[in-house]
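Please take these sequences and the hints and turn them into a complete structure.
The listed protein sequences derive, respectively, from chains A, B and C.
Reading the first sequence from the start, the letters are residues -13 to 305 in the numbering used here.
Reading the second sequence from the start, the letters are residues 696 to 1258 in the numbering used here.
Reading the third sequence from the start, the letters are residues 20 to 361 in the numbering used here.
It should be emphasised that the hints constitute simulated quantities derived from the structure, not laboratory data.
Careful: at least some of the hints might be erroneous.
As the list claims (entries may be wrong) - With a cut-off of at most 16 Å between alpha-carbon atoms, the simulated EDC-like pairs for lysine to aspartate or glutamate come out as follows:
no.: 1; chain 1: B; residue 1: 921; chain 2: B; residue 2: 814
no.: 2; chain 1: A; residue 1: 34; chain 2: B; residue 2: 1111
no.: 3; chain 1: B; residue 1: 1188; chain 2: B; residue 2: 1198
no.: 4; chain 1: B; residue 1: 800; chain 2: B; residue 2: 869
no.: 5; chain 1: C; residue 1: 28; chain 2: C; residue 2: 348
no.: 6; chain 1: C; residue 1: 80; chain 2: C; residue 2: 61
no.: 7; chain 1: B; residue 1: 831; chain 2: C; residue 2: 348
no.: 8; chain 1: C; residue 1: 93; chain 2: C; residue 2: 79
no.: 9; chain 1: B; residue 1: 1200; chain 2: B; residue 2: 1156
no.: 10; chain 1: C; residue 1: 28; chain 2: A; residue 2: 112
no.: 11; chain 1: B; residue 1: 831; chain 2: B; residue 2: 847
no.: 12; chain 1: C; residue 1: 93; chain 2: B; residue 2: 1001
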Amino acid sequence: MESTSVTSLGAFWRTFRQHPMAMIGLVMLLIAIIAAVCAPLIAPYDPKAIIRITIDDIYTRPSPAHWLGTDDAGRDVFSNFIYGARVSLTVGLFASIISIFIGGTIGIVAGFYGGRTENILMRFTDIMLVIPDLPLIVVIVALTRPSLTNIILVIGLLGWTSTARLVRSQTLSVKARKFVLRAQAVGASRPYIIRRHILPLVLPLIVVNTVLVISLAILNESTLSFLGLGDPTLLSWGQMLNYAFTRGAMSAGAWWALVTPGFGIVWVVLGCTLLGHGLEQALNPRAETHHLAQLHEQVARPASAAARFAGEPMSLSSD
Amino acid sequence: MKKRTWLLIAALLAALLLAACSASTPQPATTGSAEEATASTADTGSATARIGWAGSPDTLNPGAAVLSEAYTIFDLVYDSMYQLQLDGTYTLELAESADVSEDGKVWTFTLRDGFVFSDGEPLTASDVVFSYNFYKAQTDFPFLNVYTEYFESVEAPDDKTVVLTLSQAIPNLDSQLIFLFILPEHIWADQTENAAEFENLAMVGSGPFKLADYAQNQFVSLEANKDHPLYPPKVDGVVFQTFDNQDALVQALRTGQVDMITEMPKPAVATLRNEANIAVVSGPPGSPSVADIIFNLTNDGTCPEDGVCSGHPALQDRTVRQALAHATDKQQIIDVVLLGFGTPGLTLIPDSLGVWYNDTIQDFEYDLDLANQMLDDAGYADTDGDGVREMPGGGDPLTLRVNWPSDSTWSSRAAEIMSGTWAQAGVQTQLQALDADALTSVCCPTFDYDVILWGWGSDPDPAFLLSVMTTDQIPTGTSESGYSNPEFDQLYKEQAVAMDPDERKAIIWQMQEIAHEDVPYIIPFYDQNVQAYRTDRFQGWITDADKIELSDMTSLTIIEPVQ
Amino acid sequence: MRASYLLGKLAWALFTILFVICLNFFLFRVLPGDPVRSGVRDPRLTQEAQQAIRERFGLDKPVINCFESLNPVKSGPCLINPFETQFFLYVRNLLTGDLGISYHTNRPVSTMLGERLWNTILLIGAGQILAIILGMGLGILAAWKARTPIDFGALLFSLLAWSLPTFWLGIILLFAGSRYFNLPLGGMITPGVNFPGAWARVSDMLRHMLLPTLTYTIVFLGEYMLIMRSTLVDVLSEDYILTARAKGLNHFQILKDHALKNAMLPMVTIIALNLGFTVAGAVQIETVFSWPGLGGAIFEAVGRRDYPMLQGAFLLLAVSVIFANLGAELLYSVLDPRIRAE
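Below, the structure written as structure tokens:
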């Protein structure tokens, strides 16, 4: 199993490289991550420095001193933008880890154990799917205090439902495979089967989903900030937008204060979706050509690349 | 898919496309093009002033309303005994004369002729009597019954005369009567049960304007009452349109979709000033409001029954509070938050309260050296060298929790600036925005905080804002600082019965001096109203009064279209 | 078999509604603070007035047997008539269709929701229909031309549209639209104007609708395109498509008669599921464009702590989503024979 997983990774990388979209997405994300990690090296100003300005320093146009102008507190938008990547990416990453962990666990357990467990878990998921998120968010924010941790928790705890559904259906299809049935017949324990057989086959789907959930979490953070439910002391792209929006950036003609953080969000979210989409295609190459495609004549339906690295033919549900 | 569905969808698409095309047809560059392009009826729109604002009335029922936007509309649609002028004085409106008895308890008003309700019924003394008794009887009206507190009886000996008897002589009856709008008895007499839930959609009033059309959170459309005996408007009507988004408000003025805006984000001022045909005006607002930085002053002696009273012990020391006042750079806050459109604040009584505002007080100037010196002298030394002072004798560090409502972006900017300068005086802050509910529950009467950035809105008489600092209000939650000073409490009682305006003013000025010296609050600024109007649409806006309020009745009744 | 399946679904929907009703009540009762005081900050609001207002809204009654209030937790008498508690009054009023009185406007919540609902349905309806049509169209095009530059472009466009923060796109469109096309900056109709005829009125409203609808369409079409594309590609690689080709049918016929019908299944589910998510979008769009709909009302109610309004709005939303899902499942079972056999 160990050796196959190494070759499977290599095979996966080879397939992955052939997808330009996925590569573009990966590069976009890497740029954002590098900017976030090296923020102190890149940003010319310290965004947390004490505010000592005059009125003329507010919303100044882009200039050599301030490449992207200044914001409503006279701070350098470019520096805020670079530092903001840290918070936005942190929120995206950790919120999605929470979502994926809950959603993945519920999905696998429900799918594998079936019966009453599945019923209860999936009913619970359905209810969560039906309840509008906003009242829950309002209440959680009022009960806790707006802070980085709490925002991550709110977004993470409300974002797992679609993952649970996806993972469950994938688990169901994996469970029906011969080698899983065989393992069960031999008397392997359920946790063992989940660890050794189910998880490796569900994992690719989870990875794809994680990337998409990250992008959703980043979008959600900006929405929360826009609705005034975020932490105003946090320097995230969402908060930059919130300040620009409530402090009249647009009517002051300071488009840079509004466009820059928005661009950051679009950049990362697009990077994630491109990567996610590319990953999905790399994992499920069947969805790349069909009987009406012009290329059909030349490219015969390829032997599934996924089959090579996963050891079994697999199919990803399309939704 | 069925054919019919597709047809339907196609029709919808076509309609939208059509709208898009009609939208993109070039329009005359003159003003008000949006309206004239769609409505070609003869000139109905041209003499109607269109006002953009960011709020909207919460209700058309004068008793139940809370928001100042509602009061703006009531002021236009109803009449009351007195009218508050923009210079802060009160003039008689409904009555042509008011006679006071020797002891100051019996007021006799003689009504002017010619006030008629919009449904044709004349306004008589019995409507006044009904209205005053009605407001007094409705205990669940949030505000208006406080103004009837001293009413003992109201009578109408004849159609023109109202006799108001007070339980005690009060110095500010005029200010108590301005919000007691006269309602038509023939309509409201049936609404005394459950009056707060009466929607009052017909809004029958006698004021200079009458309600023409209304859609909640969208617009209030008023028509001129050209027969008003005192303030017949020169325009045909006024429309207040609500914009949920302040940038849109500014843009609407620039594109000529509205003629005046009552507020705007301050950073927009510079851009609007460069615009042709737009004038920007600023000054103290018509309805007073004040921003404050609150210290938790409660201690074992003043803590209310259910209170937590966890305020930092250092805040009990007036020297610390004064030092913090010296360490607060008010001008920097005004520059960043208000772009200069504000004046440094002194006490809870703002400059928009006119004569009641004591402008002679010498403020604690921004001086970090002095602040440090004061704290050093008082024994708050930084013994462990971490940059944060400790209580005398090496106790707890001077670390203060600072809270503010999370939806207020001015507060978070002010908190950032404040925490920066306080740190230089060796006082550390923990900044934490709180949801409005959470803030109310830590504030008062719980007193589970150190410092809060918040604010008040109030009416033109200083009594209510002064009451916020009295000991009596600590358990009720109205006092947010827990400030308790017997001398101040005594003066508060004295001003309530000081009949001579000058004497009352002297007491109130003295109260401000005490409050300023004791620093229960640091008042960062008094905000100014910044409003703008199109000079090519209407002229005559009152821009030279002590206060700036273009949506005030006095302005709206004298503006006229530009020829 | 079929009947029991339907009954089961229906029973589950009813159970969910009951759950939402309870959740809705307790959710806002666990919040700290006093709704009467956190809504109004004015020294004129006296203790007596606060008490009278509390009585008017029934807030002076215990929340439920044994509990005076939930935050801070205060226990109270357990042996009281349950109909003297806020919870049972709430449920009883709900049963008679009474959603309570708004703290903010003193008007019945049901009336306020009624006014706002149609405006939102108009906006969401137009936006959704456009997004579905355009999204599906793009999806079909991309799937048909899979692995060509057209596919790539359509895909990139859809992913980009999906990545845009709704309010950000809204405010940019608002400025562009008002500046270059003189479109209205807010509301759904120009106030204070006597329209010469019905068409003038409708056209004025359409001008107001244009930008919010466009924002809505752009934000939602991406997802529909992606779903349509991937489902259709899957369907088109089935063997019966090959058979159809062998029969000599042209691409258009194959797409129309064979592929689309099967590809519609996942679309139906997604559209129904999306209804819940459209709310967040509606809140943002209606705030940016001052559109007097449900989303704007929710945003305002959040800011003013108008709990009856929030309760009413969320009940309405949850019930709509539950019924949309129920409808989708039923539709699914009609369209897809496999479900019935399950």
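Results for each hint:
Taking the CA atoms of residue 921 of chain B and residue 814 of chain B, the gap is about 14 Å. The hint holds against a cut of 16 Å. Restraint check: the Cα-Cα separation between residue 34 of chain A and residue 1111 of chain B comes to about 9 Å, which is no more than 16 Å; the hinted pair holds. Distance restraint check for residue 1188 of chain B and residue 1198 of chain B: the Cα-Cα separation of roughly 13 Å lies within the 16 Å cut-off, and the hinted pair is therefore satisfied. Between residue 800 of chain B and residue 869 of chain B, the direct Cα distance comes to roughly 13 Å. Compliance with the 16 Å bound is thereby established for this hinted pair.
Restraint check: the Cα-Cα separation between residue 28 of chain C and residue 348 of chain C comes to about 9 Å, which is no more than 16 Å; the hinted pair holds. Taking the CA atoms of residue 80 of chain C and residue 61 of chain C, the gap is about 25 Å. The hint is violated against a cut of 16 Å. Restraint check for residue 831 of chain B and residue 348 of chain C: not satisfied, since their Cα atoms lie roughly 58 Å apart, outside the 16 Å limit. With a C-alpha separation of about 13 Å, the suggested pairing of residue 93 of chain C with residue 79 of chain C holds against the 16 Å cut-off.
With a C-alpha separation of about 11 Å, the suggested pair residue 1200 of chain B and residue 1156 of chain B falls inside the 16 Å cut-off, and the hint holds. The straight-line distance between the Cα atoms of residue 28 of chain C and residue 112 of chain A is roughly 12 Å, inside the 16 Å bound, and the hint therefore holds. This hinted pair checks out: residue 831 of chain B and residue 847 of chain B have alpha carbons roughly 10 Å apart, not beyond 16 Å. Among the hinted pairs, residue 93 of chain C with residue 1001 of chain B is consistent with the structure: their alpha-carbon atoms are about 12 Å apart, no more than 16 Å.
Hint compliance for this structure: hints 6 and 7 are broken, all remaining hints hold.
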